[in-house]
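Colleague: Sequence:
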Amino acid sequence: MLTAVLTLMSKLTEHNYHTWVVEAKDLLKYLNVWRIVDGPEIVPVPPVALAASGSSSSTTAPDPLDPEYDFKPESQDSAYLNRFDNFLRDWRTYKNNYEKANGTICSLLEPSIRSRYTAEKYDDPKVLWNTIKTDFEKAIKLDAQYQMAKLAACKLESYSSVTEWITAQEKYINDLAICGVKT
Numbered sequence: 133m134l135t136a137v138l139t140l141m142s143k144l145t146e147h148n149y150h151t152w153v154v155e156a157k158d159l160l161k162y163l164n165v166w167r168i169v170d171g172p173e174i175v176p177v178p179p180v181a182l183a184a185s186g187s188s189s190s191t192t193a194p195d196p197l198d199p200e201y202d203f204k205p206e207s208q209d210s211a212y213l214n215r216f217d218n219f220l221r222d223w224r225t226y227k228n229n230y231e232k233a234n235g236t237i238c239s240l241l242e243p244s245i246r247s248r249y250t251a252e253k254y255d256d257p258k259v260l261w262n263t264i265k266t267d268f269e270k271a272i273k274l275d276a277q278y279q280m281a282k283l284a285a286c287k288l289e290s291y292s293s294v295t296e297w298i299t300a301q302e303k304y305i306n307d308l309a310i311c312g313v314k315t
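FYI, the numbering for the sequence shown is 133 to 315, going by the working numbering.
Simulated from the structure, these hints should not be mistaken for laboratory data. Every value quoted in this text rests on a predicted model; they were computed, and no experiment measured them. Just so it is clear, CB atoms sit at the ideal spot from N, CA and C, and this is done for glycine as well. Fair warning: there could be bad hints in the mix.
Across the chosen pairs, the derived CB separations fall in these ranges [claimed, not checked]:
(1) Thr-225 - Lys-273: 45 to 55 Å
(2) Asp-255 - Glu-146: 20 to 30 Å
(3) Tyr-201 - Ile-298: 52 to 62 Å
(4) Tyr-278 - Thr-225: 18 to 28 Å
(5) Lys-253 - Leu-140: 46 to 56 Å
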């Protein structure tokens, strides 16, 4: 089903960011991965094993994002192993969502746009999304100016009915709202 949805979605081009961003965000929300992109998703942290004295054997939990982390339990204590299993489950879910978010964003880019974001840092969906947003802010402003001009040129005599004219105005107003312009 995702493949079918992706084929129907607009791919980001030089001139459609203002509509693309809404569609892409909606899809990421539908896939339940928007939190990865928008920030409130928290990276699961492995539990800290307790020493025989009851204190933790290390002062801080290992960082699962550290390439040196081996994802092996620090203890064979059954309570610890249960917490460690829960961490591994949460980690797999997090990594799956992380990769799904990045893959979805990348699949929504035209090849000429995608080629700009091939560096390793863009494997992080949050970095990719925010960089695209920054890169296209200028395009948003240009699109807003274009939409304002289209709205100003929207004359009743150009339409066969008042309803068509109002519909056209509403489209331009909605497009301006997407660009961040309040009318």
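Colleague: Could you work out which earlier hints the structure fails to respect and list their numbers in ascending sequence?
Modeller: Violated: hints 1, 4, 5.
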